[in-house]
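Q: Spelled out from the first residue to the last, the chains are:
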Amino acid sequence: GAVVSQHPSRVICKSGTSVKIECRSLDFQATTMFWYRQFPKQSLMLMATSNEGSKATYEQGVEKDKFLINHASLTLSTLTVTSAHPEDSSFYICSARQGGRANQPQHFGDGTRLSIL
Amino acid sequence: GQNIDQPTEMTATEGAIVQINCTYQTSGFNGLFWYQQHAGEAPTFLSYNVLDGLEEKGRFSSFLSRSKGYSYLLLKELQMKDSASYLCAVRANTNAGKSTFGDGTTLTVKP
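The listed protein sequences derive, respectively, from chains A and B. Residue 7 in this note's numbering sits at position 13 of the first sequence; the count goes up by one each step and never skips. One rule links them: number in this note's numbering = place in the second sequence (from 1) + 96.
What the hints contain is simulated information worked out from the structure, not anything from laboratory work. Note that the coordinates shown come from a computational prediction; the quantities given were computed from them, not determined experimentally. Think of the CB as a built atom: it goes at the ideal place given N, C-alpha and C, for glycine as much as any other residue. A portion of the hints provided could be inaccurate.
Derived pair list, reagent style DSS-like, types lysine-lysine, alpha-carbon separation capped at 27 Å [claimed, not checked]: (1) B:Lys164 - B:Lys194; (2) A:Lys8 - B:Lys206; (3) A:Lys58 - B:Lys194; (4) A:Lys49 - B:Lys164; (5) A:Lys14 - B:Lys206; (6) B:Lys177 - A:Lys35.
Short derived list, chain A residues pointing at chain B, Cβ under 10 Å [what the hints assert, rightly or not]: (7) Ala(-4); (8) Gln36; (9) Gln98; (10) His101; (11) Gly103; (12) Gly105; (13) Arg107; (14) Ser109.
Here are the computed distance ranges between Cβ atoms for each label pair [said to hold, decoys possible]: (15) B:Thr204 - A:Arg4: 36 to 44 Å; (16) A:Gln36 - B:Thr190: 20 to 28 Å; (17) A:Asp59 - B:Glu152: 43 to 51 Å; (18) A:Gly10 - B:Val146: 44 to 52 Å; (19) B:Val146 - A:Ser9: 40 to 48 Å; (20) B:Pro103 - A:Asp59: 33 to 41 Å; (21) B:Gly149 - A:Leu111: 49 to 57 Å; (22) B:Asn117 - A:Thr11: 27 to 35 Å; (23) A:Leu20 - B:Val146: 22 to 30 Å.
Please construct the entire structure, taking both the sequences and the accompanying hints into account.
A: Below, the structure is given as structure tokens:
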């Protein structure tokens, strides 16, 4: 159980394109979803936390207008990288957590490797 | 805020035991997680500790001392497939309970 599906797995596109990444919890309801960015050989950097039906909470230094997050249902959150540029190239990973109990781990999607030319 | 430290790299031999340490400083502690991440893949959950002591799960065990801000992940009977990055993450009791991740320890298992 506790499967999180992230799509697409890889995107290569031109500078200026907007890219949408989907994150779905397949067999549980995710009250909270998290979006991370990871550079090679570095740790996960939290970008934002989203709760279903409310606005996402962004970490300091993350541009809200650049990285649009929508958490429309308990099983789906989307991250849109608007007008992407080469510096936005990275590995983006979503995770979902069921419920609010402290012992609930985060279940991660397989990640999206974004390459902006 | 939260500050998490773990060694950058470790090397061990197949069949051996290895201990990966994690120290943390946090303003509000609500549990510590260990995750495994293979290169190019997303992390997978290994263990959770919120009370002091040892949690055993097959070849993997995790220990927590809240008073010392210290945890370790113990891997027994190492296999080549255990070569991966191991991430220590501390969950806060505020800010929607988000977890802060350490930089990870890259473990290389050699024959």
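Q: Indicate, hint by hint, whether the structure satisfies it.
A: Results of checking the hints against the structure:
1. Restraint check: the Cα-Cα separation between B:Lys164 and B:Lys194 comes to about 22 Å, which is no more than 27 Å; the hinted pair holds.
2. In summary, the hint linking A:Lys8 to B:Lys206 is not supported, as the alpha carbons are separated by about 41 Å, beyond the 27 Å threshold.
3. With a C-alpha separation of about 18 Å, the suggested pair A:Lys58 and B:Lys194 falls inside the 27 Å cut-off, and the hint holds.
4. For the proposed pair A:Lys49 and B:Lys164, the alpha carbon gap of about 37 Å is over 27 Å, so the pair is violated.
5. Taken as a hint, the A:Lys14 and B:Lys206 pair is broken in the structure, with Cα atoms around 40 Å apart against an allowance of 27 Å.
6. Between the alpha carbons of B:Lys177 and A:Lys35 the distance comes to roughly 18 Å, so the proposed pair stays at or under 27 Å and holds.
7. Below 10 Å, beta-carbon pairs count as interface contacts, and A:Ala(-4) has one with chain B at about 8 Å; its hint therefore holds.
8. With a least beta-carbon distance of about 7 Å to chain B, the hint placing A:Gln36 at the interface is held under the 10 Å criterion.
9. Here the hint on A:Gln98 is kept, as its CB sits about 9 Å from the closest CB of chain B, short of 10 Å.
10. For A:His101, the shortest C-beta to C-beta distance to chain B is roughly 7 Å, which falls under 10 Å, so the interface hint holds.
11. With its C-beta approaching chain B no nearer than about 6 Å, A:Gly103 sits inside the 10 Å limit, and its interface hint holds.
12. Hint on A:Gly105 holds. Least Cβ distance to chain B is approximately 5 Å, under the 10 Å limit.
13. Interface hint status for A:Arg107: upheld, as the beta-carbon distance to the closest one in chain B is roughly 8 Å, under 10 Å.
14. For A:Ser109, the shortest C-beta to C-beta distance to chain B is roughly 14 Å, which exceeds 10 Å, and the interface hint is violated.
15. Range check, B:Thr204 to A:Arg4: about 26 Å between beta-carbon atoms, so the 36 to 44 Å window is missed.
16. With their beta carbons about 25 Å apart, A:Gln36 and B:Thr190 fall inside the hinted range of 20 to 28 Å.
17. For A:Asp59 and B:Glu152, the Cβ-Cβ distance of about 47 Å falls inside the hinted range of 43 to 51 Å, so the restraint holds.
18. Between A:Gly10 and B:Val146 the Cβ separation comes to about 46 Å, which falls inside the hinted range of 44 to 52 Å.
19. Between B:Val146 and A:Ser9 the CB atoms are about 45 Å apart, so this pair conforms to the stated range of 40 to 48 Å.
20. At roughly 38 Å, the beta carbons of B:Pro103 and A:Asp59 sit within the given window of 33 to 41 Å.
21. Against the hinted window of 49 to 57 Å, the Cβ-Cβ separation of B:Gly149 and A:Leu111 comes to about 51 Å, which satisfies the hint.
22. Under the hint 27 to 35 Å, the C-beta atoms of B:Asn117 and A:Thr11, about 43 Å apart, miss the expected range.
23. A:Leu20 and B:Val146 have their C-beta atoms about 27 Å apart, which keeps the hinted 22 to 30 Å range intact.
Of the numbered hints given earlier, the model fails hints 2, 4, 5, 14, 15 and 22; all others are met.
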